[in-house]
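*Asks:* So the chains spell out like this:
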Amino acid sequence: MSFDYGDFSFSSKAEMLEKSRDFWNPGKTDFWVEAGVPLVIDRREGYYVYDMSGRRLLDVHLNGGTYNLGHRNPEVTAAVTAAMNHFDIGNHHFPSLARTALAEALVTTAPEGLTKVVYGSGGGEAIDIAIKTARHATQKRKVVSIVKAYHGHTGLAVGTGDDRFSKLFLSDRPEEFPHVPFNDLDAMEQALLGRDVAAVIMETIPATYGFPLPEPGYLEGVKRLCERYDALYIADEVQTGLMRTGELWAVTKHGITPDILVTGKGLSGGMYPISAVLVSERAAGWLTEDGFGHISTFGGAELGCIAGLKALEVCNRPETRSMVHYISDLVGRGLREVQAAYPDWFVGIRQNGVVMGLEFAHPEGAKYVMRHLYDNGVWAIFSTLDPRVLQFKPGILMTPELCEDLLDRADVAIGRAWAEVRGARGARERVSA
Amino acid sequence: MTGPGPEEAAGVPRARQMLERARWAARSFGRYDHDSVWRVVEAVADVAEAKAQEYAEWAVRETGFGVVEHKAVKNRLCSRGIVEAYRDEDLVSPRIDTSRKLVEVARPAGVVLALTPSTNPVSTVYVKVLFALMTRNAVVVSPHPLARQVCTDAARALASAAEAAGAPCGVVQVVDEPSIPLIDALMSDERTDVILATGGVPVVRAAYSSGNPAIGVGPGNVPVLVDATADLRRAAEKLVTSKAFDNSVLCTNESVLVVEDAVADRFLRELQRCGAHLLTPEERDRVREVLFPLARFDTALVGRSAVAIAERAGVRVPPRTRVLLAPFDLVVDEEPLAREKLCPVLGVVRVASAARGIRAATAVLRIGGAGHSAVIHSSDPATVMAYAAAVRVLRVVVNEGGSTGSAGFGTGLAPTMTIGTGFVGRSSLGENLQPRHLVDWTRVAYSEDPSEVFPSFEGLQPWDSVAGPMPPYPVASNLVTAAGAAPVPAAAYDDEGAPALRDEIRRLIIEELTSIVKG
Ligand SMILES: Cc1ncc(COP(=O)(O)O)c(C=O)c1O
Numbered sequence: 001m002s003f004d005y006g007d008f009s010f011s012s013k014a015e016m017l018e019k020s021r022d023f024w025n026p027g028k029t030d031f032w033v034e035a036g037v038p039l040v041i042d043r044r045e046g047y048y049v050y051d052m053s054g055r056r057l058l059d060v061h062l063n064g065g066t067y068n069l070g071h072r073n074p075e076v077t078a079a080v081t082a083a084m085n086h087f088d089i090g091n092h093h094f095p096s097l098a099r100t101a102l103a104e105a106l107v108t109t110a111p112e113g114l115t116k117v118v119y120g121s122g123g124g125e126a127i128d129i130a131i132k133t134a135r136h137a138t139q140k141r142k143v144v145s146i147v148k149a150y151h152g153h154t155g156l157a158v159g160t161g162d163d164r165f166s167k168l169f170l171s172d173r174p175e176e177f178p179h180v181p182f183n184d185l186d187a188m189e190q191a192l193l194g195r196d197v198a199a200v201i202m203e204t205i206p207a208t209y210g211f212p213l214p215e216p217g218y219l220e221g222v223k224r225l226c227e228r229y230d231a232l233y234i235a236d237e238v239q240t241g242l243m244r245t246g247e248l249w250a251v252t253k254h255g256i257t258p259d260i261l262v263t264g265k266g267l268s269g270g271m272y273p274i275s276a277v278l279v280s281e282r283a284a285g286w287l288t289e290d291g292f293g294h295i296s297t298f299g300g301a302e303l304g305c306i307a308g309l310k311a312l313e314v315c316n317r318p319e320t321r322s323m324v325h326y327i328s329d330l331v332g333r334g335l336r337e338v339q340a341a342y343p344d345w346f347v348g349i350r351q352n353g354v355v356m357g358l359e360f361a362h363p364e365g366a367k368y369v370m371r372h373l374y375d376n377g378v379w380a381i382f383s384t385l386d387p388r389v390l391q392f393k394p395g396i397l398m399t400p401e402l403c404e405d406l407l408d409r410a411d412v413a414i415g416r417a418w419a420e421v422r423g424a425r426g427a428r429e430r431v432s433a
Numbered sequence: 001m002t003g004p005g006p007e008e009a010a011g012v013p014r015a016r017q018m019l020e021r022a023r024w025a026a027r028s029f030g031r032y033d034h035d036s037v038w039r040v041v042e043a044v045a046d047v048a049e050a051k052a053q054e055y056a057e058w059a060v061r062e063t064g065f066g067v068v069e070h071k072a073v074k075n076r077l078c079s080r081g082i083v084e085a086y087r088d089e090d091l092v093s094p095r096i097d098t099s100r101k102l103v104e105v106a107r108p109a110g111v112v113l114a115l116t117p118s119t120n121p122v123s124t125v126y127v128k129v130l131f132a133l134m135t136r137n138a139v140v141v142s143p144h145p146l147a148r149q150v151c152t153d154a155a156r157a158l159a160s161a162a163e164a165a166g167a168p169c170g171v172v173q174v175v176d177e178p179s180i181p182l183i184d185a186l187m188s189d190e191r192t193d194v195i196l197a198t199g200g201v202p203v204v205r206a207a208y209s210s211g212n213p214a215i216g217v218g219p220g221n222v223p224v225l226v227d228a229t230a231d232l233r234r235a236a237e238k239l240v241t242s243k244a245f246d247n248s249v250l251c252t253n254e255s256v257l258v259v260e261d262a263v264a265d266r267f268l269r270e271l272q273r274c275g276a277h278l279l280t281p282e283e284r285d286r287v288r289e290v291l292f293p294l295a296r297f298d299t300a301l302v303g304r305s306a307v308a309i310a311e312r313a314g315v316r317v318p319p320r321t322r323v324l325l326a327p328f329d330l331v332v333d334e335e336p337l338a339r340e341k342l343c344p345v346l347g348v349v350r351v352a353s354a355a356r357g358i359r360a361a362t363a364v365l366r367i368g369g370a371g372h373s374a375v376i377h378s379s380d381p382a383t384v385m386a387y388a389a390a391v392r393v394l395r396v397v398v399n400e401g402g403s404t405g406s407a408g409f410g411t412g413l414a415p416t417m418t419i420g421t422g423f424v425g426r427s428s429l430g431e432n433l434q435p436r437h438l439v440d441w442t443r444v445a446y447s448e449d450p451s452e453v454f455p456s457f458e459g460l461q462p463w464d465s466v467a468g469p470m471p472p473y474p475v476a477s478n479l480v481t482a483a484g485a486a487p488v489p490a491a492a493y494d495d496e497g498a499p500a501l502r503d504e505i506r507r508l509i510i511e512e513l514t515s516i517v518k519g
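Heads up: the sequence lines are chains A and B, in that order.
Sequential numbering from 1 applies to the first sequence in the numbering used here.
Sequential numbering from 1 applies to the second sequence in the numbering used here.
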């Protein structure tokens with residue numbers, strides 16, 4: 001079997017993996033092979049991806065919501081295909097047709113008070129823009145984030161996250177980026193007390209940390225503290241936005257209007273890289289003072305804007321909203337049934353809409369479940385910063401059949417993972433006895 | 001989410017998504033028990049009835065067809081009337097047949113695509129929506145473009161009433177901007193479980209060639225035979241009232257009067273007494289010319305009043321004229337007046353005997369209207385029987401007006417707005433369309449072997465009593481457990497996220513949060 005993709009080809013999957021190691025990223029390549037998920041995504045369609053071997057996987061990783069609308073969503077694909085007859089990336093210095101149109105669409109559907117849009121080409125860049133914007137507006141430098149936060153790996157964003165990624169590149173700056181524990185308002189207040197904080201950056205539900213849910217009143221409390229101590233509230237909606245919680249932006253479910261809102265990933269339906277920062281009038285000053293303050297050739301590429309317009313339209317449809325509510329009800333109920341069968345193993349379901357984290361009673365429990373799901377035709381990823389928790393992210397346009405199928409597979413995989421863990425434990429106990 | 005990409009016309013992908021949402025709704029609705037379903041049906045009928053007059057006015061304003069008072073009557077018949085007529089027919093609960101050792105479990109069609117006409121716009125929306133709800137189906141209404149505004153408003157009103165009464169969100173939806181490519185796409189989409197096609201022949205044929213199950217019916221062309229034994233005064237009243245009803249836009253309205261010579265003059269006088277105007281041959285020619293320019297019916301005259309048509313033809317008639325009588329000699333296909341006329345012009349043919357009359361009526365149906373309906377006014381059961389056996393229709397209304405009589409209002413026929421024309425009328429449906437046509441039954445059959453005891457299924461109910469919004473609003477799971485699963489009502493689905501309603505949801509969530517935090 002040979003793999004011919006037109007302009008390039010591989011003679012086998014083994015050869016491909018070998019070259020991936022040689023020319024691209026040996027660490028990542030080996031990691032997945034060793035984790036028992038030797039996935040090389042080939043064909044993709046709807047909520048399915050296909051490994052080079054032809055194996056089909058139901059995708060509930062969706063790259064954190066990038067494929068919310070499914071892979072190669074026909075509407076987005078059609079929009080971008082048509083746009084390519086007229087548009088390209090565009091010239092980032094000039095007023096632009098598509099950028100303006102998407103900006104207007106984002107502002108009119110956003111919580112009141114967010115009035116301007118700044119574009120990036122990825123989530124990290126957008127986070128950097130948000131931080132720069134907050135610093136400019138407040139003329140302060142510190143940005144508070146939560147312990148185990150993940151906001152991307154660009155220059156400033158990486159500072160808000162786990163040491164693992166900043167220290168590696170000698171980019172940790174603890175004095176500028178204090179981290180406080182999640183769900184701890186006292187710690188947050190301590191960090192803000194000095195009034196020297198430009199912004200608190202907060203993912204509405206911290207994805208990479210396994211979607212721990214904000215305790216009732218926590219985010220609202222953080223927002224109040226921001227107001228009290230004159231810091232801006234940056235809502236990172238890169239994963240939680242775009243209707244995944246049953247509202248366009250999850251933060252609105254908390255009644256919060258952030259000063260800055262960041263979106264990326266699913267914004268363009270996974271067809272063209274683009275990210276956006278929605279800013280309030282208060283924070284938007286630099287756009288008037290020095291409009292060239294943030295320059296990014298690809299930021300807000302016009303083809304990405306076209307994709308974004310379509311994706312945003314689809315996300316905002318009443319049909320979509322309604323479907324998300326149905327999907328989260330069905331999948332949530334189904335998972336609770338599975339949970340009832342394995343109470344000692346499947347110990348928690350964190351859910352807000354189709355944002356879901358499944359907790360297992362083992363420090364690396366989610367890795368076991370991930371592997372068994374993979375063996376049963378489902379691709380879901382463990383949480384990098386809390387591998388007890390599996391990220392389980394059904395798409396927002398799933399059909400009832402697909403959801404039922406997903407639940408059947410999950411039921412079996414969770415059971416098998418439990419048997420494996422228990423078996424291993426049993427063996428250990430036998431050894432130590 | 002599926003479906004071809006690039007070439008789809010504007011609006012089509014979203015319309016396909018309506019079908020997907022409808023599937024979700026149907027999936028939920030299919031689990032409702034009888035009482036939960038009927039709570040929805042009653043609530044929808046209440047709203048429909050309350051808005052009968054408003055929509056009658058709107059429909060006439062928008063389409064120019066018909067008569068406001070009559071449309072209001074029809075809207076009431078098609079809301080309150082329909083609900084009363086089918087109240088006792090349980091199409092939800094399992095049926096148990098001990099003698100045949102059978103249990104039957106209802107299986108709704110799923111997603112009903114309802115195409116509605118311009119002539120009876122709101123009444124048809126009402127009926128199709130109510131039938132769908134009675135049988136736990138989701139319905140997507142695609143109105144005729146000529147009646148788009150009133151129908152979308154009506155369907156929306158019914159949808160909100162349904163959801164407010166606990167129906168699943170999206171159980172009733174409506175296409176805002178119907179177009180030919182869009183309707184084609186919906187009809188052939190595999191998510192459509194059954195098409196209810198009411199409209200012209202092309203729409204019905206398209207429904208049948210879509211590849212999906214369809215119920216569409218053929219056109220009518222209703223002969224009415226008045227024999228010498230008829231109660232002429234009563235027959236005249238019924239006939240004129242029926243012909244004038246909503247200016248003849250119901251496909252069940254009488255098209256050609258066939259009257260026995262012996263009573264013809266007297267009967268025509270009776271008709272005139274009731275407000276019919278008998279056209280002279282010369283006037284008739286002018287009316288024919290206006291109705292059938294180039295031998296094709298001018299659809300601009302559908303549902304216009306007798307006075308308006310007379311005026312168009314340059315015929316002077318008294319202002320209270322309700323029906324124009326257009327005599328002609330021979331029922332043949334080159335005579336336009338022998339065809340279907342959706343306006344208050346009644347062809348009149350005199351015949352020597354009842355037997356010849358039956359032949360003439362048969363000829364009317366050769367020209368059009370096969371399988372549809374016919375009317376007879378007679379007190380002779382032998383003639384009625386001979387007539388019924390001869391005319392190729394599936395309902396013969398006796399001594400009653402055809403317009404409402406064949407539609408099951410004022411007769412023992414099933415009340416409906418869709419008249420099945422059967423095989424002879426190129427339809428899969430021979431009866432009046434009823435709720436039961438939208439549900440299948442899973443039949444559980446036990447062995448006939450006497451040693452196999454048929455157990456008792458009494459009290460076994462597979463369906464759920466539903467309270468609260470469906471689906472529940474997606475509240476974060478840590479709030480659900482804390483608050484004892486109190487769901488926040490979901491609203492605003494069809495308001496494109498109207499800020500007021502979004503704010504309302506926010507307010508409710510905050511309220512809930514506050515109570516949790518305080519508690
Ligand atoms: C919450 C959140 N913010 C920001 C980012 C960074 O986005 P990107 O990878 O496009 O730079 C991610 C990526 O995973 C994310 O999950």
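Don't read these hints as lab results, they were simulated from the structure.
Each residue gets a CB set at the ideal place from its N, CA and C atoms; glycine is no exception.
Do not rely on the hints blindly, as some may be mistaken.
What the hints assert, rightly or not - Covered stretches of chain A, as calculated for chain B (at least 3 residues, CB under 8 Å):
| id | segment |
| --- | --- |
| 1 | 69 to 79 |
| 2 | 392 to 400 |
Unchecked claim - Pair ranges (Cβ atoms, derived):
| id | chain 1 | residue 1 | chain 2 | residue 2 | range |
| --- | --- | --- | --- | --- | --- |
| 3 | B | Glu89 | A | Gly423 | 51 to 61 Å |
| 4 | A | Arg224 | B | Ile180 | 48 to 58 Å |
| 5 | A | Lys13 | B | Glu104 | 23 to 33 Å |
| 6 | A | Ile41 | B | Ala50 | 47 to 57 Å |
| 7 | A | Tyr50 | B | Val105 | 35 to 45 Å |
| 8 | A | Glu112 | B | Val105 | 44 to 54 Å |
| 9 | A | Arg224 | B | Ala50 | 40 to 50 Å |
| 10 | A | Asp405 | B | Leu460 | 23 to 33 Å |
Stated by the list, open to error - Chain B side only, calculated, beta carbon under 8 Å to chain A, not exhaustive:
| id | residue |
| --- | --- |
| 11 | Glu84 |
| 12 | Ala85 |
| 13 | Gln149 |
| 14 | Thr152 |
| 15 | Gly170 |
| 16 | Leu330 |
| 17 | Pro474 |
| 18 | Leu479 |
*Asks:* Hint by hint, which ones does the structure fall short of?
*Replies:* Of the numbered hints, 5, 11, 12, 13, 14 and 16 do not hold.
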